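Please build the complete structure, drawing on both the sequences and the hints.
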Amino acid sequence: SASRCAVAMRPYVALLGGLLTPPAITPMLRARVDSRLACAAAGLPGAPSGEGAPADEISEEALARMCAAFPEVADGIRTYVRELQAYNAQTNVYSQRAYGRLPFHLEDSLTLGTMVAEAPGPVLDMGSGSGLPAVLVALLNRDHTVHAVESKSRKTAFIRRAAEALSLANLRVHTANVHELARSGGWDVRYVTAKAFKPLPEVVRIAGRSVLREARLIVPVSEAQVREFGPEGTGLIGPGNVEARGQFLYVHMRVEALGKEGRPVIE
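According to this note's numbering, the residues represented by the sequence shown are 170 to 436, in order.
Quick caveat, the hints were computed from the structure, so don't treat them as lab data. Mixed in with the good hints, there may be bad ones.
As the list claims (entries may be wrong) - Here are the simulated SDA-like cross-link-like pairs (lysine to any residue), alpha carbons at most 25 Å apart as the crow flies: (1) K364 - G407; (2) K429 - D357; (3) K429 - S353; (4) K429 - N346; (5) K367 - F239; (6) K364 - F239; (7) K321 - L350; (8) K367 - S336; (9) K367 - D312; (10) K364 - R341; (11) K367 - T260; (12) K364 - N346; (13) K364 - A338; (14) K321 - Q254; (15) K321 - A288; (16) K364 - G431; (17) K364 - S336; (18) K367 - R414.
Claimed, not checked - Here are the simulated distance ranges between beta carbons: (19) S391 - A338: 15 to 23 Å; (20) E226 - E401: 37 to 45 Å; (21) C236 - P433: 36 to 44 Å.
Here the structure is a predicted model, which is why all the values come from computation and not from measurement. Glycine included, every Cβ here is placed at the ideal spot set by N, Cα and C.
Below, the structure is given as structure tokens:
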């Protein structure tokens with residue numbers, strides 16, 4: 170039940186505020202929708218990325234808007250897209266039928282990267298897939314190590330290719346199941362991220378078992394997930410745990426280290 174889930178999660182996460190009440194959820198989501206509509210009308214960053222593009226095509230308009238919003242890494246954004254398309258033509262790491270949504274996922278990852286950059290530190294990205302958000306977080310935070318952990322070798326091969334093309338010496342790529350790797354060691358990081366990896370309660374548990382010290386978890390979520398894990402659902406997230414940035418929502422919370430003491434640092 171929701172109450173048993175909430176009780177089970179208490180050892181895994183220190184919430185940053187009181188529980189999010191239903192009246193607090195509704196204005197936040199309504200303001201987010203209003204912001205998206207205003208940005209779309211003005212053609213500004215924060216408008217829905219890639220909407221209106223064919224499902225299997227990458228919107229050049231959305232890419233151009235994103236590059237304008239992140240000018241310091243504009244070349245890097247386009248390099249990543251070129252490398253992904255070239256690699257993906259031979260080895261599937263990202264559904265070509267979903268190319269129309271790629272600008273959304275790129276901007277989501279870049280926005281997360283700017284959140285890290287506001288108080289920078291090393292990052293662990295769990296279940297990195299085709300390199301989102303790890304590659305773009307590393308691109309925006311070159312002075313700090315970003316660990317990309319992904320179990321599928323064809324995907325880590327692409328992440329390494331992208332890292333080389335982007336000269337990301339700060340990106341460490343691990344071909345492993347994060348659960349198994351965390352049994353023998355842990356990561357000394359300030360942040361943990363995960364995008365489309367596992368349900369949020371599982372992400373919190375895995376993050377706690379993977380870090381050697383308290384860290385900040387930042388996870389992109391949907392409006393439905395905010396409702397699911399708010400007081401009407403599991404009660405996992407509170408008002409200090411949800412932040413809206415443009416069209417995106419993020420859950421961020423402190424995660425306590427839960428693994429055995431004395432584990433070696435995974436480099």
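Consistency of beta-carbon spacing, A338 to S391, with hint 15 to 23 Å
34 Å, violated
Below or equal to 25 Å on CA atoms is what counts here, so check K364 against N346.
It holds: about 15 Å lies between the C-alpha atoms, which stays within 25 Å.
Taken at face value, is the distance from the CA of R341 to the CA of K364 at most 25 Å?
17 Å, holds
Taking 36 to 44 Å as the hint, is the beta-carbon distance of C236 and P433 inside that range?
Holds, at about 41 Å.
Against the 25 Å threshold, does the CA-CA distance of K364 and A338 hold or violate the hint?
Since the Cα atoms of K364 and A338 sit roughly 22 Å apart, the hinted pair holds (cutoff 25 Å).
Holds or violated: K367 and R414, Cα atoms, limit 25 Å.
With Cα atoms ~22 Å apart, K367 and R414 stay inside 25 Å; holds.
Do the alpha carbons of K321 and Q254 lie within 25 Å of each other, as the hint requires?
18 Å, holds
Holds or violated: K429 and N346, Cα atoms, limit 25 Å.
OK: K429 and N346 at ~18 Å, within 25 Å.
Given the hinted pair K367 and T260, is their Cα-Cα distance within 25 Å?
This hinted pair holds, its Cα atoms lying about 24 Å apart.
Given the proposed pairing of K429 with D357, does the C-alpha separation stay at or below 25 Å?
The hint holds at about 14 Å.
Does D312 sit within 25 Å of K367, going by the straight-line distance between their CA atoms?
28 Å, violated
For K429 and S353, compute the direct alpha-carbon distance and say whether it is at most 25 Å.
9 Å, holds
Hints 5, 8, 9, 15, 16 and 19, counting from the list given before, are not met by this structure.
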